[in-house]
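K.L.:
As they're listed, the protein sequences go chains D and R. Numbering-wise (the working numbering), the first sequence opens with residue 1 and increments by one. Numbering-wise (the working numbering), the second sequence opens with residue 1001 and increments by one.
Think of the hints as simulated: they come from the structure by calculation, not from any bench. For each residue, glycine too, the CB sits at the ideal point set by N, CA and C. Keep in mind that the hints are not guaranteed to be accurate.
Which stretches of chain R does chain D cover? Using the computed rule of at least three CB atoms under 8 Å from a CB of chain D, they are [unchecked claim]:
#1 1025 to 1039
#2 1179 to 1191
#3 1196 to 1202
#4 1207 to 1213
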Amino acid sequence: MKLTVFQKKLFFWLFLGLLVRFLLMPFFAHGDIIAVHRRVEQIACQGRSLLDFGALGVHGLELVFTKISSFFVPCSMLSGIQESFYNAPFLNRMLFFFKLPYLLFELGYWALIWLIFKKEAEEKKRRIAFFLAFNPVILYSVYIFGRFETYPIFFSTLILFLLNKMKKVKFGPVLLISLMMAFILDIRQSYLFILPALAIVFGGLSLWGILTLVFSGGIFLASGMLPKLLASGSKFFPIAGSLESGMHTNYIFQGAIDISQGRLIYFFLLLVGIILIWWLEKRKILAKLNRMELFSLFAVLIFLSYYATSIFHPQYLSWVMPFFLVLMVKDEKGFLWRSFWWSLPFYFLFVLSWGNATTFGTLFPVSLAFKQIEPGWFFPIYPMIKWANIGLSVFAAFCLYWIFYLLRKYGQDN
Amino acid sequence: MAKIIKTFFILIFLFFITVMPVKALMADVFEVNQEKTTSVKILKGEVYKQSFLSTSDSFGIVGVKFSNNNKINNDVLTFRIKEEGEESWFYENQYKTDQFQNNSFFTFGFPIINNAQGKYFIFEIESLSGGEDDSVSVFLTSNDIYREGQLWKDNQEEEKDLVFKVVKEEPAKKLIIQDFQLRLKEDTGFFIFWLFLTIFTILAIVFLAKNRQNEKRE
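Here chain D stands alone, though its shape is the one from the complex (with noise of 0.2 Å):
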């Protein structure tokens, strides 16, 4: 197969996105992702069960490829992190492969955009290879920080494929879609959030819309609470205590203001149920959206109320990247393209709110050292937390503009 000259372009720019992740791979880290391979190195060398640890989606993919890289990471080389959390032997091998799944994953959902895109203009396809390739938001989610995002976002993109080739609802497809977002919850629970915008796609409360929604519930709390119910014999929806005590789901509740006497309104929940409002005016006019971009609309305007309006673990915002892509590529004005790179200095000042964990302290794996250098030494006139609060209002703002700009570009009836 002989190339273009343009699909030589994409090539180069996906190939220097790859030596980027390379170079990035063995040399940052957050504590997080020691702290769940210590748990998968408990699972997978020490015999313990895999049903001893919450989000059972993460610790068995986690698992399945700990096992797969034994060759090269095995279990003597492993157990290093349990001894030393921040500077375990080999750390920087280990690093590299517990990572390498990621990038699998990456490319995955890289080769589904290509899939669904292919058709579009040269122009639309250069800016999507960029995005793909040096996306600041991934990079750093996933090769700085180290998290596996890439799970939920392959899964994601692969809803949004079943989605785009999907020309009559039928059963299978249906129950394919939920079997995948069934395991996204199981990945990240987070994603319950978006559950609604999956329902609008096939017709809201319809029928169709309530068995996605059954699916995707039903099999989520299956595989995630019915091993665990069978294990503990007592604990009915052991979910619920953990849900309740604080887990990340419920910062959706903690932006609210208290109209009196300790009655509160959530500000997520406020802007969630003016979007699904609008869709009651609005569902004759959405109908004639491909499912794809009615997904993908009602997604990003879900995510974007959640950044919006409750903290958020900097990683986070890459949860929404393939939602934003596909209506980046649907914006005729290319103001979303345009206006995703002037938000991204503000999102990465709001990173700083967690000092040194999130900045130089990711360069552990290279040396120590670096977990003393304070961020908020280089900052002058203001404590650092109040610039990245200012970096957090500003990207608060891009979020809100962003929902108002889609909110009047999808409710034009032409």
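Please build the complex by placing chain R on the supplied structure of chain D, with the hints as guidance.
P.N.:
For chain R alone, coordinates are given in the frame of chain D:
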């Protein structure tokens, strides 16, 4: 291509500009610690005295691990240090315990002690007003793991050691290079593999760029 390379080098340059002002960082000379330790409240009048052998030519900080017992305390601790055998203390200061973090090393800094290698030193921690409900705790090892030093509580010898570390300042650049060299030596095989992978990717990029240019010219 040229634009990307420029941006890459600007970013690298910016990174070094930011890190350059960091002249000195703390480097642990050694740490006395173990997996199972017990925390003990230090009450008014109690004195914990620990001796140690300096393995470094100079140092200026001793870090002692404390627990604040999950509350803000108002006790004041006195820290003293001297070379063993000396009559008077080299340095002495008082510290309010409301600044102590839970289960963390609190670092007592003092003027740098030079020509310290191979010499024994003693430091003391004394509580001035610690009560049962208003005190911090020190951490003790479960046995005498540090043979080069001795712990005394109120002048009584203990078969344990304080959890502590001796720290000195080193130039940031030196520490980073030292650590990275250690990493390279420790796992040379992996780094060779990684280098091959990176070079292979670079070659693919160069090949694609050249090929594209040639076709454009044609």
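K.L.:
Against which earlier hints does the structure fall short, listed by number upward?
P.N.:
none
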